[in-house]
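A.B. asks: Next come the chains, spelled out residue by residue.
Number of protein chains: 2
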Amino acid sequence: MYPVTPQGPTQPGPDALSVTFSALADPTRRAILARLSAGEATVTELAAPFDLTLPAISKHLKVLQRSGLVEQGRRAQWRPCRLRPEPLHDVAEWVAQYRRFWEASLDRLDDYLRELQATQPAADDRQT
Amino acid sequence: MYPVTPQGPTQPGPDALSVTFSALADPTRRAILARLSAGEATVTELAAPFDLTLPAISKHLKVLQRSGLVEQGRRAQWRPCRLRPEPLHDVAEWVAQYRRFWEASLDRLDDYLRELQATQPAADDRQT
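Residue numbers (this note's numbering), protein chains in the order written: chain A, 1 to 128; chain B, 1 to 128.
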């Protein structure tokens, strides 16, 4: 049929993909990932471009760490945060199964524009 | 620098990508999308494989409709739900910017496995 894995009431906590999507459902957390894609950064460095307190940034970081999108070094004074790409790979693989749908809708748009051009050459001719 | 658009306190509601990620952060909603990728379906048909009431399914459908992932026909008796791929395309484009990170980590794994094979040929030789 189709890949359905409904979550029963006895299942403990949300699945990994749901945790990842939930972590990504916030523009500040996505901006933190974008910053980390340029290289490791401390919490203070991450907080700098945002109008947010350190505790607020730490809360976002905890969500990102729980989902496995960010890991933090263990050295006491300098604990840089680092991007972990594995959950993003899972998102890419999940969404790729729908590629044919958006490609089909882009194709239809393409066909429509070509049809418009074919049926309305007079509009351009009138200009010349 | 990097694409940061922190959400200020005056901004109305969440951005489109956050709404999409939030809608995808549930296994039942993803299963509904998987079902609709096989073709249009009524709410009753969508509810069938799940151990959920019609109102519970309707609630999930509302979330999917608000995010633009599903649209419902307007014919009174037969209102089929249909997949709308545009928000999934946006997710694919967003996650694609991180491709080099997971490809790099797969490359590193590849290098490591090749190194293992190079340094431990004796283990295989002993078998023959």
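Among these hints, one or two may not hold up.
No copy is singled out in the list; a pair is fine if it fits within one copy or between any two copies.
[What the hints assert, rightly or not] In silico DMTMM-like cross-links for lysine to aspartate or glutamate, where the CA-CA straight-line distance does not exceed 25 Å:
#  : residue 1 : residue 2
1  : Lys62     : Glu45
2  : Lys62     : Asp26
3  : Lys62     : Asp107
4  : Lys59     : Glu86
5  : Lys62     : Asp110
6  : Lys59     : Asp26
7  : Lys62     : Asp51
8  : Lys59     : Glu103
9  : Lys62     : Asp15
10 : Lys59     : Asp15
11 : Lys62     : Asp111
12 : Lys59     : Glu40
13 : Lys62     : Glu115
14 : Lys59     : Asp111
No lab work stands behind these hints, which were simulated from the structure alone.
A.B. asks: In ascending order, which of the hints set out earlier in this document are inconsistent with the structure?
C.D. replies: Per hint list: 3, 5, 8, 11, 13, 14 violated.
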